[in-house]
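Those sequence lines, one after another, are chains A and B.
Under the working numbering, residues 2 to 116 are what the first sequence spells out, in order.
Under the working numbering, residues 6 to 240 are what the second sequence spells out, in order.
Don't read these hints as lab results, they were simulated from the structure.
Glycine included, each C-beta is placed from N, C-alpha and C at the ideal position.
One thing to keep in mind: the hints can contain errors.
To be verified - Simulated crosslink set (DSBU-like; lysine-lysine; CA at most 30 Å straight-line):
no.: 1; chain 1: A; residue 1: K98; chain 2: B; residue 2: K172
no.: 2; chain 1: B; residue 1: K198; chain 2: B; residue 2: K35
no.: 3; chain 1: B; residue 1: K218; chain 2: A; residue 2: K98
Stated by the list, open to error - Computed list of chain B residues with no C-beta within reach of chain A, every gap over 12 Å:
no.: 4; residue: V69
no.: 5; residue: N135
no.: 6; residue: L223
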Amino acid sequence: MFVLISQIFAMVLAVIVFARSYVDFRSRTESLQVFLFWTVTWAMIVVVALFPSIIEYTIRFAGGERAGLGTFFGMVIVFLFFIVYRMYVKIEQIEQKLTRTIQEFALRDDWVNKH
Amino acid sequence: MRERVSEVGTVVIVMPALNEAAVIGTVLSKIPVRIDSYTTVPVVVDDGSTDATGEIARRCGAYVLRHVTNLGVGAATITGLKAARQLDADIIVTMDADGQHDPAEIEPLVQCLIDGQFDVVIGSRLLSSNGMPPTRVMANLLLNVVTFIVYRKIVSDSQSGFKVFSKAALASIDLNSSGYEICSEIIGEIYRKNLRYKSVPIRALYTKYSRAKGQHFLNGINLILGLFMRLMRRT
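The shape of chain A in the complex, shown without the other chains:
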């Protein structure tokens, strides 16, 4: 039951991400590369959700007989944290640029003569 719920959950999220990304791509607010990246990423997530045994085959194929699913998902979590950190840094940089722009704009706005 839990597996079925998680499979449905993954598919619903994948559809939402794909639809959003496609709309952004059509309106040219997202590049083809970014659209393809999210499409392929979420397609892989859905495949793994539907056929979880793929992970075990992949681990064995890669020669990691002793590594289990826990190791794999541990690596996934570390990778996700890395992405979150990168996003945090990027957002912070954008916020600082926006702040500086608005401050410069306020200070160039002939404010002394408006007094």
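Add chain B to chain A, keeping to what the hints say.
What follows is chain B alone, placed relative to chain A:
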């Protein structure tokens, strides 16, 4: 109407303001026109208000700078301090626009800076915490500790927005916080630049209005997280 920036010395009073139309006029009207031999020049930074804060402040004789969108109290304070530099201010005061700080206390704080030849004077609400709700006293003490952990400097009221700076102090400090972390960042700069400072007791006026406008619990959490993120970036 106040005097424009004149040949005599000037005390620029920086007031970041967000939707303070209800009180900004009253606060500005209570600011002394002169302190000692200095002319006072109020500078209101309208941080993206959706009410008439800017217009009322301008009508009351203040210089008004407007952020086209809300950036936060830290960014608004920095804009005001940059404006003070452009006005070649001799002394710079920062204070809240919501009426929590008593404009009558500007003069003693400025006088303390002049007489004591300090670089910074901090108006401390905790040296005489009369009228401050106990929860706020506790929250401010906690924030003093967090400020100490992040910036290695302990002061009696690290979160006070009522401060006075000398011209030299303003030229030496380097700030970039957008939010409430600005107060702690200033304490860090006092330590980093080895500035001479003094904490002077002030009264915080807790009206229904200023309580509603003041910091809330979630703001405090954000502030602590923001300070720790700064600590992590430095290490």
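Structure-based check of each hint:
1. Distance restraint check for K98 (chain A) and K172 (chain B): the Cα-Cα separation of roughly 27 Å lies within the 30 Å cut-off, and the hinted pair is therefore satisfied.
2. Under the criterion of a C-alpha separation no larger than 30 Å, the hint pairing K198 (chain B) with K35 (chain B) is inconsistent with the structure, at around 33 Å.
3. Our distance criterion of 30 Å between C-alpha atoms is met by K218 (chain B) and K98 (chain A), whose separation comes to about 28 Å.
4. V69 (chain B), annotated as away from the interface, has a beta carbon of chain A within 12 Å; the closest lies near 7 Å.
5. The claim that N135 (chain B) lies off the interface holds: its Cβ sits roughly 36 Å from the closest Cβ of chain A, which is beyond the 12 Å cut-off.
6. With a cut of 12 Å on Cβ distances, L223 (chain B) stays outside the contact zone with chain A, its closest approach being about 19 Å.
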